[in-house]
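Undergrad: Turn these sequences into a full structure, and let the hints steer you where they fit.
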Amino acid sequence: MLPRNSASFILLIASLVTSQPSVEKFSVPETILSLATRINAASDNTGNYVFSPLGISTALNLLLLGAEGDTKQQLRSFLKYRPEVPDNRVHDVFSNILNKLNEGQDEVEIKIANGVITQRGLGLESNYVESSKKYKTETGTLDFKNAPETALNTINNWVAEKTSNKITQLLAQPPPSGTKMIILNAIYFKGQWENPFPVEQTRTDAFSAPDGPTSAEYMVNVLTVPYAESTELDCKAIVLPYKGLQYGMLFLLPNGDDPQAVQKLEAKLSVQSINQLMEEDMKFRSTTVRIPKFKIRQSFSVRPTLQRAGAGGIFGTGANLSRITRDPVVVDDILHQAFIEVTEDGTEAAAATGITLSRDAPSKNFIANKPFAFIIRHNRLDLSLFHGRVVKP
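Those letters in the sequence shown? Residues -19 to -1, 1 to 374, by mature numbering (1 follows the signal peptide of the UniProt record, and there is no 0).
Please note that a few of the clues may not be correct.
Said to hold, decoys possible - Derived SDA-like pairs: lysine to any residue, alpha-carbon spacing no greater than 25 Å straight-line:
hint: 1; residue 1: Lys81; residue 2: Trp139
hint: 2; residue 1: Lys274; residue 2: Ser189
hint: 3; residue 1: Lys115; residue 2: Pro64
hint: 4; residue 1: Lys276; residue 2: Ile348
hint: 5; residue 1: Lys114; residue 2: Asp68
hint: 6; residue 1: Lys224; residue 2: Thr205
hint: 7; residue 1: Lys115; residue 2: Asn80
hint: 8; residue 1: Lys345; residue 2: Asn176
Unchecked claim - Here are the in silico distance ranges between beta carbons for each label pair:
hint: 9; residue 1: Asn127; residue 2: Gln288; range: 28 to 38 Å
hint: 10; residue 1: Glu111; residue 2: Thr195; range: 46 to 56 Å
hint: 11; residue 1: Ser107; residue 2: Asp215; range: 20 to 30 Å
hint: 12; residue 1: Ala187; residue 2: Asp239; range: 16 to 26 Å
hint: 13; residue 1: Gln54; residue 2: Thr120; range: 23 to 33 Å
hint: 14; residue 1: Lys61; residue 2: Gly297; range: 16 to 26 Å
hint: 15; residue 1: Lys61; residue 2: Lys249; range: 16 to 26 Å
These are computed hints drawn from the structure, not numbers from a lab.
Backbone N, C-alpha and C fix where the C-beta goes; we use that ideal spot for every residue, glycine too.
TA: Listed below in structure tokens is the structure:
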């Protein structure tokens, strides 16, 4: 129940999947990966899941643009921004990173869209409108109070357009009638493998899920790809590159048969462990790769993670978002939905530096017939777009 005489403010994020440090020691990759690990830790989901830490952090930055006082400090603390890094530097670096995602490649399709939709008649601060352009933000008005169904359809249609109709229902019901503003973020990614899997090699075989054996359709190929056996993470890892080689999908397969092995692996992920894996452990190996085809659609609220991290004040009536609008607003929730599909051709979703070449190495096997984790990354920027886990294909 919303407090009387206050307006709700819902932050919505849709993501689809089909290192740039500053002089102030501000690293977007570090921010993104830190957020991802905390979402993993806060989640009670033990099954398949996927989310875009890039999408969530981008939407929170749009909120940060309009925050003041304790609300701003809570958001900065949650996002792990160092006190000496000014707000304008945060937004400039993020804007630069988002612009670089499409540079130098035509083979991968990636779209990032942000929107700020307000209740008809609500005035946005001109400085906020101007600042939000760093994130290529679209603005618009809807009548949440008197035309809730129209608002629902408009929002869902906007997200569907930005995600090529892969996410068609971000909202299942109209926003509360007291809603004053909704911030939207949508990410669409579609990439073809540099080395597609031959469809004729796809076969059905057993998969060891935590609740018992099941079957899966496995894509099979023999590829020379970055391969590692990590002692620190206690796993095998490979990177399957997308055409153009700017992006890759990192697969992490835990060792052993512990039903919780993939969750324990996720808890170990950090900027340092990923850099160690990618820059020192990875070597090109001739590898027999067998990975199940999978499709995951995930919806969840980011609110519990923020509350556990001490940023729950942004959901109270005392939240200070005065740089967005003079009207009092309350952040009602932060909703995220992501989708990913991995097939023989590549990946569709709404999400090789330092690698040494080892010649004449023996053939390796990467057989993902048990739960594994994955990350879709921009290789040159060391940036994670999507994180996920497959427990049962």
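Undergrad: Are the hints correct? Go through all of them and say.
TA: Comparing the hints with the structure gives:
no. : hint                          : in the structure
1   : Lys81 <-> Trp139              : holds, 24 Å
2   : Lys274 <-> Ser189             : holds, 15 Å
3   : Lys115 <-> Pro64              : holds, 21 Å
4   : Lys276 <-> Ile348             : holds, 18 Å
5   : Lys114 <-> Asp68              : holds, 15 Å
6   : Lys224 <-> Thr205             : holds, 15 Å
7   : Lys115 <-> Asn80              : holds, 10 Å
8   : Lys345 <-> Asn176             : holds, 17 Å
9   : Asn127 <-> Gln288: 28 to 38 Å : holds, 32 Å
10  : Glu111 <-> Thr195: 46 to 56 Å : holds, 53 Å
11  : Ser107 <-> Asp215: 20 to 30 Å : violated, 53 Å
12  : Ala187 <-> Asp239: 16 to 26 Å : holds, 18 Å
13  : Gln54 <-> Thr120: 23 to 33 Å  : holds, 26 Å
14  : Lys61 <-> Gly297: 16 to 26 Å  : holds, 22 Å
15  : Lys61 <-> Lys249: 16 to 26 Å  : holds, 18 Å
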